[in-house]
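Top to bottom, those sequences are chains A and B.
The number in this note's numbering is simply the position in the first sequence, starting from 1, with 325 added.
The number in this note's numbering is simply the position in the second sequence, starting from 1, with 325 added.
Please note that a few of the clues may not be correct.
One copy or two, either will do: identical chains are not told apart, so a pair holds if it fits within one copy or between any two.
[As the list claims (entries may be wrong)] Quick list of in silico lysine-lysine cross-link-like pairs, DSS-like style, CA-CA up to 25 Å:
| no. | residue 1 | residue 2 |
| --- | --- | --- |
| 1 | 654 | 393 |
| 2 | 396 | 510 |
| 3 | 495 | 654 |
| 4 | 652 | 444 |
| 5 | 496 | 396 |
| 6 | 393 | 496 |
| 7 | 396 | 622 |
| 8 | 396 | 652 |
| 9 | 393 | 444 |
| 10 | 693 | 396 |
| 11 | 393 | 652 |
| 12 | 691 | 615 |
| 13 | 496 | 693 |
| 14 | 654 | 622 |
| 15 | 510 | 654 |
| 16 | 687 | 615 |
| 17 | 396 | 444 |
Quick caveat, the hints were computed from the structure, so don't treat them as lab data.
Computed from a predicted model, the values in this text were never measured in an experiment.
2 protein chains.
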Amino acid sequence: MYRLIARDGMAKSGEFVTVHGTIQTPVFMNVGTAAAIKGAVSTADLYEIGTQVQLSNTYHLHVRPGDKVIKQLGGLHSFMVWDRPILTDSGGFQVFSLAGLRKIKEEGVYFNSHIDGRKIFMGPEESIQIQSNLGSTIAMAFDECPPHPASREYMQDSVDSTTRLLVLCKKELQRLNSLEDTINKKQMLFGINQGGTYADIRIEHAKQITELELDGYALGGLAVGESHEEMYYIIEETVPYLPVDKPVYLMGVGTPANILEAVDRGVDFFDCVYPTRNGRHGHAYTNRGKMNLMNAKYELDSLPIEEGCACPACSRYSRAYIRHLLKAKEMLGMRLLVLHNLYFYNHMMEEIRLAIREGRYKQYKKQKLESLANNEE
Amino acid sequence: MYRLIARDGMAKSGEFVTVHGTIQTPVFMNVGTAAAIKGAVSTADLYEIGTQVQLSNTYHLHVRPGDKVIKQLGGLHSFMVWDRPILTDSGGFQVFSLAGLRKIKEEGVYFNSHIDGRKIFMGPEESIQIQSNLGSTIAMAFDECPPHPASREYMQDSVDSTTRLLVLCKKELQRLNSLEDTINKKQMLFGINQGGTYADIRIEHAKQITELELDGYALGGLAVGESHEEMYYIIEETVPYLPVDKPVYLMGVGTPANILEAVDRGVDFFDCVYPTRNGRHGHAYTNRGKMNLMNAKYELDSLPIEEGCACPACSRYSRAYIRHLLKAKEMLGMRLLVLHNLYFYNHMMEEIRLAIREGRYKQYKKQKLESLANNEE
Numbered sequence: 326m327y328r329l330i331a332r333d334g335m336a337k338s339g340e341f342v343t344v345h346g347t348i349q350t351p352v353f354m355n356v357g358t359a360a361a362i363k364g365a366v367s368t369a370d371l372y373e374i375g376t377q378v379q380l381s382n383t384y385h386l387h388v389r390p391g392d393k394v395i396k397q398l399g400g401l402h403s404f405m406v407w408d409r410p411i412l413t414d415s416g417g418f419q420v421f422s423l424a425g426l427r428k429i430k431e432e433g434v435y436f437n438s439h440i441d442g443r444k445i446f447m448g449p450e451e452s453i454q455i456q457s458n459l460g461s462t463i464a465m466a467f468d469e470c471p472p473h474p475a476s477r478e479y480m481q482d483s484v485d486s487t488t489r490l491l492v493l494c495k496k497e498l499q500r501l502n503s504l505e506d507t508i509n510k511k512q513m514l515f516g517i518n519q520g521g522t523y524a525d526i527r528i529e530h531a532k533q534i535t536e537l538e539l540d541g542y543a544l545g546g547l548a549v550g551e552s553h554e555e556m557y558y559i560i561e562e563t564v565p566y567l568p569v570d571k572p573v574y575l576m577g578v579g580t581p582a583n584i585l586e587a588v589d590r591g592v593d594f595f596d597c598v599y600p601t602r603n604g605r606h607g608h609a610y611t612n613r614g615k616m617n618l619m620n621a622k623y624e625l626d627s628l629p630i631e632e633g634c635a636c637p638a639c640s641r642y643s644r645a646y647i648r649h650l651l652k653a654k655e656m657l658g659m660r661l662l663v664l665h666n667l668y669f670y671n672h673m674m675e676e677i678r679l680a681i682r683e684g685r686y687k688q689y690k691k692q693k694l695e696s697l698a699n700n701e702e
Numbered sequence: 326m327y328r329l330i331a332r333d334g335m336a337k338s339g340e341f342v343t344v345h346g347t348i349q350t351p352v353f354m355n356v357g358t359a360a361a362i363k364g365a366v367s368t369a370d371l372y373e374i375g376t377q378v379q380l381s382n383t384y385h386l387h388v389r390p391g392d393k394v395i396k397q398l399g400g401l402h403s404f405m406v407w408d409r410p411i412l413t414d415s416g417g418f419q420v421f422s423l424a425g426l427r428k429i430k431e432e433g434v435y436f437n438s439h440i441d442g443r444k445i446f447m448g449p450e451e452s453i454q455i456q457s458n459l460g461s462t463i464a465m466a467f468d469e470c471p472p473h474p475a476s477r478e479y480m481q482d483s484v485d486s487t488t489r490l491l492v493l494c495k496k497e498l499q500r501l502n503s504l505e506d507t508i509n510k511k512q513m514l515f516g517i518n519q520g521g522t523y524a525d526i527r528i529e530h531a532k533q534i535t536e537l538e539l540d541g542y543a544l545g546g547l548a549v550g551e552s553h554e555e556m557y558y559i560i561e562e563t564v565p566y567l568p569v570d571k572p573v574y575l576m577g578v579g580t581p582a583n584i585l586e587a588v589d590r591g592v593d594f595f596d597c598v599y600p601t602r603n604g605r606h607g608h609a610y611t612n613r614g615k616m617n618l619m620n621a622k623y624e625l626d627s628l629p630i631e632e633g634c635a636c637p638a639c640s641r642y643s644r645a646y647i648r649h650l651l652k653a654k655e656m657l658g659m660r661l662l663v664l665h666n667l668y669f670y671n672h673m674m675e676e677i678r679l680a681i682r683e684g685r686y687k688q689y690k691k692q693k694l695e696s697l698a699n700n701e702e
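Produce the entire structure from the sequences given, and follow the hints as far as they go.
Written out as structure tokens, the structure is:
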């Protein structure tokens, strides 16, 4: 259940009540693809860096260790020892990218596991069954991921297919939630809006899926090659046609600036691998832009990555030490940067929520964007 | 200053007072070669797993980031944010193994850095200067590392050389400790007993270096290919000729069984890469022997690595989860195993100290060896 707490222009801040606790929005979900955050970060660490929601990938967990294994072990929450909300994706995106498929028949698609080549069948029912086995808080609908660019005709076809798939997903989740041995009988479902950069297709689709009265709505198929301006335009056009009393999730986005702009257009949920991936490559997010900790100028720098930052890296270790760890290929260097970057994102979301609730979001966004643009590299 | 607290047969337990706090012996030092424990373990973690002493490698820190860099940053304690004792080795062992040298001239040896090929000169003064720059609690003397096996004549020559080097090290440390800008003016020096498996050479050498009245004494050149029985015999023969009111350090040893036997022959200090290296390869130490967490039989095993263990891994995560992390090549798997293994070693040393202080060491050792032999793999 979503409770709208404050609006500031189109920006909104709410509380999303789940069986695993209440999520304050806007929120950035921390990505733990294979039931672990890359960079040796544990769920114990996630509590420390203010993570509200952990996101795991259905496809990855289906192929290893297997969703049935995880179900036998009590579900994903029990498996990775995390009692706050978990969102799982549908696996569709991986099916399309790994199997090289775009259009699928309604009943699903065969493809080979990237681990052992085993043939796997995945369709809307299978995706929901896997997510039910994982027992995540929020399941994502299995949709078609159209290419970018795509012709208008192709896009309309694909979106129609996504709508039909969504109906099947909803039905399957209702069935599974009513079964005795289902791990999370209150599993929620988010539908996914598609339509590429065709605003009218997006809007029509938004209206259709709104009628299905789902727990939340996602914008899919963005940040796939279109410009930031196109993405912001599509969000701006589409969000007004999604219910204001439900959370809106912009999938796979993005940079701090992307998030600031999307929040300003009414988005509640985000996820992105940037903070973990950049951390593992030696880059840190700060309020003065990104830093490359491998840079020679940090050799004797005894300051933390960012002064005043309360993350587990900054509250102890210096730039010089972290630089040394990266140069010496000590895993600890990556770990400290990933912890810092996730903390940075989580902390920014906290600032965002406060600014919206205090009615000063436009001003906050302007200042934050200016400071982030001061890239000191 | 070493205070003998209890003796139980030849086993002894003491307190070693240093400028960075008091070490309870017998103690296992946790190896952080390049100023970090491999496996993404931070000094913050070390406090949590009961680490008393951290050991770093002089050669590695000399070539990267450089001991002068570390000195400018306030020394190794400040660099890695660790306020308890640190022991640094002399770098001699790395010089011998990396440069392929065995015999050196008294003044030192040239060799190439394994990082950038740069020519480096290392002798007794250089080793002590580097260790002084690092500001470690305990510096190790620069010695010759004889091959195994070596002829009696070769060994006698080498040991004589080690004695002469030790005199130079002691003199250089005294000089450096009196300088104004030295980081740790109370840096201590441990001398190293050599002699391979020639008990009489060992004993004669032990007597000689005892006369130098150092802060502690190490047994070097063991666990280099001789049998465990030969090693125990040499410890047994030599330790009685080292002062009982000084700590005895058995370098680079070893398995839990090795440690139990060496403690029974009067050893106080240990260090070994086994717990970290085995952890990174998926192996866990337990009181029922070693476990290979990659084993398929743990796929659905919801127990912790070891029931009752209070380490950060066992207090939260299951064998099944750790196995999954290892299979998925998630760094977190290695990290959890390294934390468990170091905790296992540190905790065993605590049991050892208690058993000695309560006069039941023989009984404890017997039981522990029996339980460790129950290798369930």
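Practice item. Have a look at residue 654 and residue 393 and pick one of within, between, both or neither, based on CA distance no larger than 25 Å. Key: The answer is between: 20 Å across copies meets 25 Å, while 36 Å in one copy does not.
Check your understanding: For residue 396 vs residue 444, is the C-alpha pair at or below 25 Å within one copy, between two copies, both, or neither?
Key -> within (21 Å within a copy, 58 Å between copies)
Point to revise | Within, between, both or neither, where residue 652 and residue 444 count as close if Cα-Cα is 25 Å or less | key: Answer is between: at 20 Å across copies they meet the 25 Å cutoff, but 41 Å inside does not.
Review point. 25 Å Cα cut-off: does residue 693 pair with residue 396 within a copy, between copies, both or neither?
Key: So residue 693 and residue 396 fail the 25 Å test inside a copy (43 Å) and across (38 Å) alike.
**Study point:** Within, between, both or neither: residue 691, residue 615 at alpha-carbon 25 Å
**Key:** within (18 Å within a copy, 57 Å between copies)
**Study point:** Homomeric proximity label, residue 393 with residue 444: Cα distance no greater than 25 Å
**Key:** within (17 Å within a copy, 58 Å between copies)
**Study point:** Copy assignment of residue 495 with residue 654, given that the CA separation must stay at most 25 Å
**Key:** Classified as neither: same-chain Cα gap 47 Å, cross-chain 34 Å, threshold 25 Å.
Exercise for review: First find the shortest C-alpha distance between residue 510 and residue 654 inside one copy, then the shortest across copies, and answer within, between, both or neither for a cut-off of 25 Å.
Suggested key: neither (45 Å within a copy, 32 Å between copies)
Review point. Taking 25 Å as the upper bound on the Cα-Cα distance, should residue 396 and residue 510 be classified as within, between, both, or neither?
Key: Within one copy, since 13 Å is at most 25 Å while 59 Å is not.
Exercise for review: At 25 Å max between alpha carbons, let me know whether residue 393 reaches residue 652 within a copy, between copies, both or neither.
Suggested key: Between copies only: 17 Å across chains, 41 Å inside a chain, cut-off 25 Å.
**Study point:** Up to 25 Å CA-CA - residue 622 versus residue 654, copy category
**Key:** within (18 Å within a copy, 33 Å between copies)
Point to revise | Up to 25 Å CA-CA - residue 652 versus residue 396, copy category | key: between (41 Å within a copy, 18 Å between copies)
Violation of the numbered hints given earlier is confined to hints 3, 10, 13, 15; the remaining hints are satisfied by the structure.
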